[in-house]
Amino acid sequence: MANTNSRRIRGDSSLNPTWHYWMLYLLPGVIIYIVFMAYPLLDSIRLSFFTGTGAERTFTGLSNYVKLFTDEVISTRFWTAFGHTWIFFAIHMLVQNVLGIIFAVILTNRTMQGSRIYQTIIFLPVTLSILVTGYLWKLLLSPVWTGDILNSIGLGALSKPWLGQESTALIVVSLVSCWQWVGMPTMMFFAALQGISEELIEAAALEGTSTWDLFRYIQFPLIKPVVGVVAILTFVNNFNAFDVVFSMEGANGAPNYATDIIGTFFYRVGIAGQHPVAIPDAGLGAAVATVIFLMLAAFVIPTLIQSQKEG
Amino acid sequence: MKKFVFVLLALLLLVPTVSIFAQDTLTMGSWRADDVEKMNALFDVYKEASGVQIDFQPTNPPDYNATLRLQLESGTGPDLMYVRSYATGADLYKSGYLAKINDLPGLADSLTEQNLAPWTIDGDTFAVPVIAVTHAVYYNKDIFAANNIEIPTTFEEFLAACETLKAAGVTPLANGVAEEWDILETFFLGMLPNYIGGAEERVLYESGEKKLNDEAFVKAYTDMAKVAPYLPTGFEAVTYNDSQILFATGKAAMFMDGSWTLGTYGDVDFEWGTFAMPAPAGSETAITFHLDAAIGMNAASAHPEEAKAFLAWLCTQEGVDALAKYLPVGMYPISKLEVTLEDAHAQEMLSLTNEKLTDVRFVWPALMDLYSPMNQAVISVLKGTDPQAAADTVEVAFEALKK
Amino acid sequence: MKKSSSLKMANKHIPSHIILGLWSILVLFPIWVMVVNSFKTRFTIYSNPFGLPEKWNFKNYISVFSDSDFMRYFMNSIVVVMISLICVLLLGSLVAYAMSIWRTRASTVLYFFIIAGMMLPIRIASIKLIEIMKSLGLLNTIWSLVPIYIAMGFPISVFIMTTFIRTVPGELTESAFIDGAGRFKIFYAIIVPLLRPAIATVAIYNLVPFWNDLWFPLIMITDEKSKTLLLGVTRLFGQYQTDWSKVLAVLTLSALPVIILYLTMSKNFIRGLTAGAIKG
Chain A
2 MANTNSRRIR GDSSLNPTWH YWMLYLLPGV IIYIVFMAYP LLDSIRLSFF
52 TGTGAERTFT GLSNYVKLFT DEVISTRFWT AFGHTWIFFA IHMLVQNVLG
102 IIFAVILTNR TMQGSRIYQT IIFLPVTLSI LVTGYLWKLL LSPVWTGDIL
152 NSIGLGALSK PWLGQESTAL IVVSLVSCWQ WVGMPTMMFF AALQGISEEL
202 IEAAALEGTS TWDLFRYIQF PLIKPVVGVV AILTFVNNFN AFDVVFSMEG
252 ANGAPNYATD IIGTFFYRVG IAGQHPVAIP DAGLGAAVAT VIFLMLAAFV
302 IPTLIQSQKE G
Chain B
-19 MKKFVFVLLA LLLLVPTVSI FAQDTLTMGS WRADDVEKMN ALFDVYKEAS
31 GVQIDFQPTN PPDYNATLRL QLESGTGPDL MYVRSYATGA DLYKSGYLAK
81 INDLPGLADS LTEQNLAPWT IDGDTFAVPV IAVTHAVYYN KDIFAANNIE
131 IPTTFEEFLA ACETLKAAGV TPLANGVAEE WDILETFFLG MLPNYIGGAE
181 ERVLYESGEK KLNDEAFVKA YTDMAKVAPY LPTGFEAVTY NDSQILFATG
231 KAAMFMDGSW TLGTYGDVDF EWGTFAMPAP AGSETAITFH LDAAIGMNAA
281 SAHPEEAKAF LAWLCTQEGV DALAKYLPVG MYPISKLEVT LEDAHAQEML
331 SLTNEKLTDV RFVWPALMDL YSPMNQAVIS VLKGTDPQAA ADTVEVAFEA
381 LKK
Chain C
18 MKKSSSLKMA NKHIPSHIIL GLWSILVLFP IWVMVVNSFK TRFTIYSNPF
68 GLPEKWNFKN YISVFSDSDF MRYFMNSIVV VMISLICVLL LGSLVAYAMS
118 IWRTRASTVL YFFIIAGMML PIRIASIKLI EIMKSLGLLN TIWSLVPIYI
168 AMGFPISVFI MTTFIRTVPG ELTESAFIDG AGRFKIFYAI IVPLLRPAIA
218 TVAIYNLVPF WNDLWFPLIM ITDEKSKTLL LGVTRLFGQY QTDWSKVLAV
268 LTLSALPVII LYLTMSKNFI RGLTAGAIKG
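Protein chains in written order, with the working numbering: chain A, 2 to 312; chain B, -19 to 383; chain C, 18 to 297.
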């Protein structure tokens, strides 16, 4: 004990502590992470090479992967869901994150009154459970509920079965998700913008720089690292998104799979099974998760390595 | 910060860290989250009779299958559980999670072979059937009287009634398609026996002798499509709950639905009743009578004797009486023993099946994989797809499955 | 600042106020709808969806409290979320600090190993996690949730904090080091205060999913005494499904605690976000 203690202190005060020293910082978190996340996940991924459940599990090599890409019904569903997830992601980038930047820039302005109140309001939906958001917007968008009122004030055109039309359902669900989460990027950009010195902004204002130029040449370059972080988080979160579709359109991504995304597809295949039979295929589910993981890693890791080199 | 930690510690003391299970308590899993009160009343009756307490632990329907499976796989499943009919239940049995109960005392006296069929595979029975449901048209008697409409006896008369109602500014039917399952299960599969007949015909489709896009099926899709103009405006986004509200508030005159919602309209301020969806002129009206739920016991239960005793009790007259009394209105006990229902609406709806041909929902026994294709076909004809083309997609899906 | 210029600035804000004002309406309107309709009855929410109730109906709330052990659920959720959150922040910041100074190939590999956890749906590991909790004897207690939430929040925590800590100029920390402060002292005396914006971000980023998680309570906890708020009230959705006014009362009650918590904390949160900002 005394020995370890003295080594700890040596590491603590050394200019280049050895890796032993850093283990004290790393191990507590990493151990919990390995036991409760990495190990269970890896063990589950192993299942992608098996079929059957419980005791009847048999090794079948890559057959789940083959099935995922060649079975007519399954592969169609997979690629449809894959496409929808990209649309879902694109809408979040365009609406959620762009609004986030706009809000953050406005809020950063020191002479703007009521900034604190606006911040609170913008962030409010983030705190709501998706159950609340889903139920509320389903209700608000229902022609049965709001149709009469909208008709009576001459806005009858807004009373459409938005969530029931294949052409609009995915966009509407994505927008509801943006509505809920926009507070997150707003706060992150807001925090980043605080780092820009006031003198710089004031000097620019005195020179008559336009708001757009101020943003383009001063603010945006400085928050670029945060933009990267937000983009990566949006990307990763959207490929794991599930709740918003599940609560508004069910596990099938109604109507006619128009809102089916990777998250709901994975849930149907691997966790719950297709209604009403509801027999999940754990092996196929693991294969879906593995494929998605590889795709995410292929995008995210090079981006991070790139940004590390820059930083 | 210090204060905060203190509050947190105080909170910690208030939370029990270990849960203690009483020895003589059984747990029961179910998807019937609506029925907590009634089931607890039923279990009180059983506790009086046997001294064994049963703890009802329902999960909401969309989560039930997934969570039950995970609990069973990890050895933490409930002692007793609701079991769905046919493939879903059979799969749990084949995976070894449900106990075989062929030798349960009273089983043969209380239930017929047809009753047991949905929960029997290769001669092994794995659950005691408890709930059957039927499908029919709920109608608002006041609106019918105000518009001089009689209960239709043919599908053509039914459409004429819808037209009269629509002309009078009333939404004829409350059904929607937003949740997808209800339009198929209650509406299309509810009226399907009118077009293709009962169990004897069904097996011909299952074996492939008859095609799923034959004349009878196309006629069924065609008639389904004729209903579209009488559904609520924006029916594409009308959820099952919206439909119930439309009917309950008198905004819609009729609602094709299952018997399980009979209890929902106890407090409405109009007279209502039910009638069987009539067959087209020249055909006999048939009706779906679906065996929906059974109760099975966990093969790995720590209290096998107690669990089995409860199942045996369900097969006694006392048990059936308790079921008839405490099952929610419109969930009919399954038994050949005497079943006495108290609710007049429930009696009326059950009596619709008298002397009519009945069958379970078409896809359940053998064609579950066609559930989704048929669901999409039904929705697509309502949205304007040609009925023949819709029927073809289901047949194509069936052919693909056989490969 | 001169008066004239500040006036000019104030005028400029009109478009800003319009944008934020419209957004505020879009945010507050659904919440208003949720709250007012929870005081109506099953049928009146359809005849009068947006206005104040003509007759205030408190029965919905009474039935929520009588049909569930609401206060216990609430306590369980608070305990689970707070402990998980504190652990995530502590463990995450320790790792982030180590990662910022100990930069070798091994640390990079470890970093990506941790980040990878963000990219897999943890639901897939449900069976294994139930088995682990069962063998630890934690099943059916709220303690089965804490380690899972820590593990769930850990990768994002490390990701955000590491990204942030690397923007801290090295001179700031190394100068203190040369002054003779130990590494650990530098960590809690200099790094942690500097990290405040990142800590605030991570806290909020995880608070919401922890508080609103339904899946793990659903599969781990069947015992009434150990239910979390969302799990406890979710059963009421099934029970009340035909009565929207009651559902809205449940929703209001499940949303209020977080909203109140947020409103009381938002000052600290925003200060946290802005306090440690490094002038660039």
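A portion of the hints provided could be inaccurate.
Claimed, not checked - In silico contact screen, one side only, chain C against chain B (beta carbon under 8 Å); selected entries:
#	residue
1	F60
2	Y63
3	R122
4	A123
5	S124
6	T125
7	V126
8	L127
9	S152
10	L153
11	L235
12	R252
13	F254
14	Q256
15	T259
Keep in mind that the hints were calculated from the coordinates and are not lab data.
Just so it is clear, CB atoms sit at the ideal spot from N, CA and C, and this is done for glycine as well.
Outcome of the hint check:
1. F60: Result: holds, 5 Å to nearest chain B Cβ.
2. Y63: 6 Å, holds
3. R122: 39 Å, violated
4. A123: 35 Å, violated
5. S124: 31 Å, violated
6. T125: Constraint on T125 of chain C not satisfied, violated at 35 Å.
7. V126: 32 Å, violated
8. L127: 31 Å, violated
9. S152: Since chain B brings no Cβ nearer than about 10 Å to S152 of chain C, farther than 8 Å, the hint is violated.
10. L153: 12 Å, violated
11. L235: Interface hint status for L235 of chain C: holds (5 Å vs cutoff 8 Å).
12. R252: Holds: closest Cβ of chain B sits about 5 Å from R252 of chain C, inside 8 Å.
13. F254: Holds - the Cβ of F254 of chain C comes within 8 Å of chain B, reaching about 6 Å at its closest.
14. Q256: Interface hint status for Q256 of chain C: holds (5 Å vs cutoff 8 Å).
15. T259: 5 Å, holds
Hint compliance for this structure: hints 3, 4, 5, 6, 7, 8, 9 and 10 are broken, all remaining hints hold.
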